[in-house]
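Here is how the chains run, residue by residue.
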Amino acid sequence: MISITTRFRLHRCLTFFALLGSSNMAFAAEMDMRAGVTDISQRILQLHHYSLAICVVIGLLVFGTMFYSIYAHRRSKHPKPATFHESFRVEVIWTTVPVLILIGLAIPATSALIDIEDNSDADLTVLITGSQWKWHYQYLEADLGYYSNMATPEEQINNFETKGRNYLLEVDRALVLPTDKKVRFLTTADDVIHSWWVPDFAVKQDAIPGYINEAWTRINTPGLYRGQCAELCGKDHAYMPIEVEVLAEEEFDQWIVDQRLAIELASGQAVADRAKTWTMAELIDIGQQVFLDHCATCHEADGSGQGSTYPALAGGEIPNGPMAAHINQVMNGAVDTEMQAWAPQLSDLELASVITYERNAFGNTTADIVQPITIFEAR
Amino acid sequence: MAVTADHNIPNRSPLMAFLSRWLLTTNHKEIGTLYMWLSFVLFFIGGAMAMVIRMELFQPGIQFAEPLLYNQMVTLHGLIMVFGVVMPGFVGLANWQLPMMIGAPDMALPRLNNFSFWILPFAFTLLISTLFMEGGAPNFGWTFYAPLSTTYGPPSTDVFIFGVHLMGISSVLGAINIIVTIFNLRVKGMTLMKMPLFVWTWLITAFLLVMVMPVLAGAVTMVLTDRHFGTSFFAAAGGGDPLLFQHVFWFFGHPEVYILILPGFGIASQIIPTFARKKLFGYHSMVYATASIAILSFVVWGHHMFTTGMPLTAELFVMYATMLIAVPTGVKVFNWVATMWRGSITFETPMLFALGFVILFTIGGFSGLMLALVPADFQYHDTFFVVAHFHYVLYPGAIFGIMSAVYYWLPKWTGNMYDERLGKIHFWTAIIGVNMTFFPMHFLGLAGMPRRIVDYSLQFADFNMVASFGAGMLGLTQVLFLYIVIKTIRGGKKATGRVWEGAEGLEWTLASPAPLHTFETPPKFPTPEEDYPRD
Ligand code: HEM
Ligand SMILES: [Cu+2]
Ligand SMILES: [Cu+2]
Numbered sequence: 002m003i004s005i006t007t008r009f010r011l012h013r014c015l016t017f018f019a020l021l022g023s024s025n026m027a028f029a030a031e032m033d034m035r036a037g038v039t040d041i042s043q044r045i046l047q048l049h050h051y052s053l054a055i056c057v058v059i060g061l062l063v064f065g066t067m068f069y070s071i072y073a074h075r076r077s078k079h080p081k082p083a084t085f086h087e088s089f090r091v092e093v094i095w096t097t098v099p100v101l102i103l104i105g106l107a108i109p110a111t112s113a114l115i116d117i118e119d120n121s122d123a124d125l126t127v128l129i130t131g132s133q134w135k136w137h138y139q140y141l142e143a144d145l146g147y148y149s150n151m152a153t154p155e156e157q158i159n160n161f162e163t164k165g166r167n168y169l170l171e172v173d174r175a176l177v178l179p180t181d182k183k184v185r186f187l188t189t190a191d192d193v194i195h196s197w198w199v200p201d202f203a204v205k206q207d208a209i210p211g212y213i214n215e216a217w218t219r220i221n222t223p224g225l226y227r228g229q230c231a232e233l234c235g236k237d238h239a240y241m242p243i244e245v246e247v248l249a250e251e252e253f254d255q256w257i258v259d260q261r262l263a264i265e266l267a268s269g270q271a272v273a274d275r276a277k278t279w280t281m282a283e284l285i286d287i288g289q290q291v292f293l294d295h296c297a298t299c300h301e302a303d304g305s306g307q308g309s310t311y312p313a314l315a316g317g318e319i320p321n322g323p324m325a326a327h328i329n330q331v332m333n334g335a336v337d338t339e340m341q342a343w344a345p346q347l348s349d350l351e352l353a354s355v356i357t358y359e360r361n362a363f364g365n366t367t368a369d370i371v372q373p374i375t376i377f378e379a380r
Numbered sequence: 003m004a005v006t007a008d009h010n011i012p013n014r015s016p017l018m019a020f021l022s023r024w025l026l027t028t029n030h031k032e033i034g035t036l037y038m039w040l041s042f043v044l045f046f047i048g049g050a051m052a053m054v055i056r057m058e059l060f061q062p063g064i065q066f067a068e069p070l071l072y073n074q075m076v077t078l079h080g081l082i083m084v085f086g087v088v089m090p091g092f093v094g095l096a097n098w099q100l101p102m103m104i105g106a107p108d109m110a111l112p113r114l115n116n117f118s119f120w121i122l123p124f125a126f127t128l129l130i131s132t133l134f135m136e137g138g139a140p141n142f143g144w145t146f147y148a149p150l151s152t153t154y155g156p157p158s159t160d161v162f163i164f165g166v167h168l169m170g171i172s173s174v175l176g177a178i179n180i181i182v183t184i185f186n187l188r189v190k191g192m193t194l195m196k197m198p199l200f201v202w203t204w205l206i207t208a209f210l211l212v213m214v215m216p217v218l219a220g221a222v223t224m225v226l227t228d229r230h231f232g233t234s235f236f237a238a239a240g241g242g243d244p245l246l247f248q249h250v251f252w253f254f255g256h257p258e259v260y261i262l263i264l265p266g267f268g269i270a271s272q273i274i275p276t277f278a279r280k281k282l283f284g285y286h287s288m289v290y291a292t293a294s295i296a297i298l299s300f301v302v303w304g305h306h307m308f309t310t311g312m313p314l315t316a317e318l319f320v321m322y323a324t325m326l327i328a329v330p331t332g333v334k335v336f337n338w339v340a341t342m343w344r345g346s347i348t349f350e351t352p353m354l355f356a357l358g359f360v361i362l363f364t365i366g367g368f369s370g371l372m373l374a375l376v377p378a379d380f381q382y383h384d385t386f387f388v389v390a391h392f393h394y395v396l397y398p399g400a401i402f403g404i405m406s407a408v409y410y411w412l413p414k415w416t417g418n419m420y421d422e423r424l425g426k427i428h429f430w431t432a433i434i435g436v437n438m439t440f441f442p443m444h445f446l447g448l449a450g451m452p453r454r455i456v457d458y459s460l461q462f463a464d465f466n467m468v469a470s471f472g473a474g475m476l477g478l479t480q481v482l483f484l485y486i487v488i489k490t491i492r493g494g495k496k497a498t499g500r501v502w503e504g505a506e507g508l509e510w511t512l513a514s515p516a517p518l519h520t521f522e523t524p525p526k527f528p529t530p531e532e533d534y535p536r537d
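So the sequence lines, in the order shown, correspond to chains A and B. For what it's worth, this note's numbering labels the leading residue of the first sequence as 2, then goes sequentially. For what it's worth, this note's numbering labels the leading residue of the second sequence as 3, then goes sequentially.
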């Protein structure tokens, strides 16, 4: 599928070598490590430049000598080879000089590392939990937590729609952090190993089941920063982005207050949802959306599943069997499979509607309706 | 001698004769040929998978490889290239060359030699057949981290485990054979410190193999029992530790990367003196450098795990140890350059590949040194920067090493000279292809593109497209290589015994093609007609 944008890119790509020589700033930015917005990220950039420069200088010397020899000592110019083949002195020199250079590199690396590993005295702690394939953020001090899912629509991924600016790097709910505070991250995982990475903070910390790892950052500038999971974690590893919205301190405090309020409103909303008796049409409507958002990556939008890895729900045993088993499967998941527990992730209404949807879509015709109150009681 | 059993038992159909010749052969040259062809076939299979990967990454969006298929391609590509191409390729070269270089009639354990080879076709058939199994092939990367490979692995993981066991058995037996051969069958007068460097590097590699392949076997066995027999070595929920897996794997894995490169060092050390017409500079320091690299490689596995939450002191130790490896590696590079210095150099294809090896491997070494700096590694780790690094050490490193060895010794094996003009075309297209494919990956990684992703955001589009074009070119030019090899086997200018005027070593005292059985009576060493007698 060669689209217009592709052809455009093709063109740019052909001019790539021409650009390499020029000092096009925008281009240079894409080629270098990101400077980021923390003191640490900038120090790491310096270390990167410093080590790169050392490598380039050594490279120029070694390859320069080699190319000189290729030029001057080729047979047509230098028919009679010399016979020397050993020199203890030279060997000693080119063993010790590199050691000295390496010490010169190790010193700034060590001092940066000691600062990076200093996790003490945090102002704020966020527990980050990776699971296939989304992040959960828990503000430990504020008793506030939520999931963050990729927001890029399927149609863009499958090339049916033009890709947005932040293709694959956008989420439904970003992590929100304040500037100028030492934020401590604790990382862990529910299923397999993930890795939480935001290049602009130079924080990359593996999230490992059974472990709680520590990292920290102190962000200098407000803004939106993006990253991705950096450890292969299964099928949709490419689709678990990270988005961090960094606010000035007062705005951040206000945001926390707003979130607390929203939780109270939501719990009020949940009470109202439970009190109501929903019709099949209403539930199916909501349920379809929930299914597309959360279940279709594995079970497919038409419920056909993917081979034996992800079972088909169309005509499936559980969606057409006893209701209690179905509710249990969705709420609690299946142990040690990618089918996770959805009870902590979805509201009563969402769970009730997605189960109703599954029992009455894809050709399933149980005519069963699940009400939010049933879910509430099952919790 | 028992090893020279007659291959031509009369009254057999030609097919049977052909089969029994190749199935039952205990001749080191024939087994070497089998290894080389296996490696070549798998190079094309693994290469086809690389083409699938690069086509999928040609532009953003899903082109044709769904994520699950993509992950299978990445995994099998890695496994096949490491265990199926580079390792058998080097073993094939060892089989052909070691006995001829040390003046031995054959490998010390010829039947074992046959067995080690014939395990491999089964192992790789099993591995590749997983693609057609219910649930697909392994999809967790060649590093098969738990719990992705234990609790969450597809059913074919068990087949993969069996395959790895087979490869491990093959490698360990092959390595034992090499060690025994080198220690026992050297011609009189060839002391250890007079062995050619290819022999030295293989001896050290063989020790690495014997020491670490059992560790890999242990790792896959623990994965197996975690999957089926209720153990919890790597399952946090059962009191196990997912990080234990990584420690065990990389204790194998880092020496393994040196298994993949040390014989290449040996090859460069044979070829550069030949075409510079000058003795290898610093023979002794080359040997000591190789040995120190091998020893250090046992204490640096942690550099693959900097982001797993290692304590500061461990990070510092591993960083310093890893940086230290750059010293002996540098010594080797300096020695090669000094060998060329004031030589009388010509640039036949083997020399071109050897020079490509030295330059591009050194670039891979530079990025390795940068990766060793823990703070910087927090940014580089698990990005395309790492992919660029290990492809620079593996493609122009290990693979170019094998290719230059093939061009160098092919006239000895076949009796015919390869087509020099085609060889040069192959070299130049390969070197442009390698750099066009892998150099932009440094930029991708620095700009923040994680590795092992099926789809990427828009800012990475340009360099990915460049890399995909380069990969296409690099893939195509290997078809040319195949053509050159077949053409040489079938005919061409007759090669002399010495083949290269500057070549030194016992193998060149033999006729070309080398007869099936050589050195049945031990040769004289050092050879009287040696241009540059050894000290
Ligand atoms: C100067 C010598 C070298 C140094 C200092 C070095 C350093 C490193 C470091 C620190 C990493 C981990 C990067 C990360 O994941 O963050 C790495 C990865 C890797 N290196 Fe090297 N390396 C060297 C030579 C080699 C050689 C000779 C080979 C093989 C021929 C090799 C193959 C690999 C491979 C395959 C990986 C990727 C492993 C993975 O994560 O899947 N390296 N190297
Ligand atoms: Cu991931
Ligand atoms: Cu390593």
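For the record, the hints were derived by calculation from the structure and aren't laboratory data. A few of these clues could be false.
[To be verified] Below are the DSS-like pairs computed for lysine-lysine, each with C-alpha atoms no more than 30 Å apart in a straight line:
1) B:Lys495 x A:Lys183
2) B:Lys526 x B:Lys190
3) B:Lys196 x A:Lys277
4) A:Lys78 x B:Lys496
5) B:Lys426 x A:Lys78
6) A:Lys183 x B:Lys526
7) A:Lys78 x B:Lys495
8) B:Lys496 x A:Lys81
9) A:Lys81 x B:Lys489
[To be verified] If you want the footprint, here are the derived chain A segments under chain B, 3+ residues with CB under 8 Å:
10) 69 to 75
11) 162 to 174
12) 194 to 204
[What the hints assert, rightly or not] Residues from chain A shown here face chain B by an in silico Cβ test under 10 Å; the list is partial:
13) Leu46
14) Asp116
15) Val177
16) Arg185
17) Glu215
Here a beta-carbon is modelled for each residue, glycine too, at the ideal position from N, C-alpha and C.
Results of checking the hints against the structure:
{"no.": "1", "hint": "B:Lys495 x A:Lys183", "result": "violated (73 Å)"}
{"no.": "2", "hint": "B:Lys526 x B:Lys190", "result": "holds (8 Å)"}
{"no.": "3", "hint": "B:Lys196 x A:Lys277", "result": "violated (90 Å)"}
{"no.": "4", "hint": "A:Lys78 x B:Lys496", "result": "holds (29 Å)"}
{"no.": "5", "hint": "B:Lys426 x A:Lys78", "result": "holds (21 Å)"}
{"no.": "6", "hint": "A:Lys183 x B:Lys526", "result": "violated (74 Å)"}
{"no.": "7", "hint": "A:Lys78 x B:Lys495", "result": "holds (28 Å)"}
{"no.": "8", "hint": "B:Lys496 x A:Lys81", "result": "holds (27 Å)"}
{"no.": "9", "hint": "A:Lys81 x B:Lys489", "result": "violated (34 Å)"}
{"no.": "10", "hint": "69 to 75", "result": "holds (count 4)"}
{"no.": "11", "hint": "162 to 174", "result": "holds (count 6)"}
{"no.": "12", "hint": "194 to 204", "result": "holds (count 6)"}
{"no.": "13", "hint": "Leu46", "result": "holds (8 Å)"}
{"no.": "14", "hint": "Asp116", "result": "holds (9 Å)"}
{"no.": "15", "hint": "Val177", "result": "violated (21 Å)"}
{"no.": "16", "hint": "Arg185", "result": "violated (13 Å)"}
{"no.": "17", "hint": "Glu215", "result": "holds (7 Å)"}
Of the numbered hints listed earlier, those contradicted by the structure are 1, 3, 6, 9, 15 and 16.
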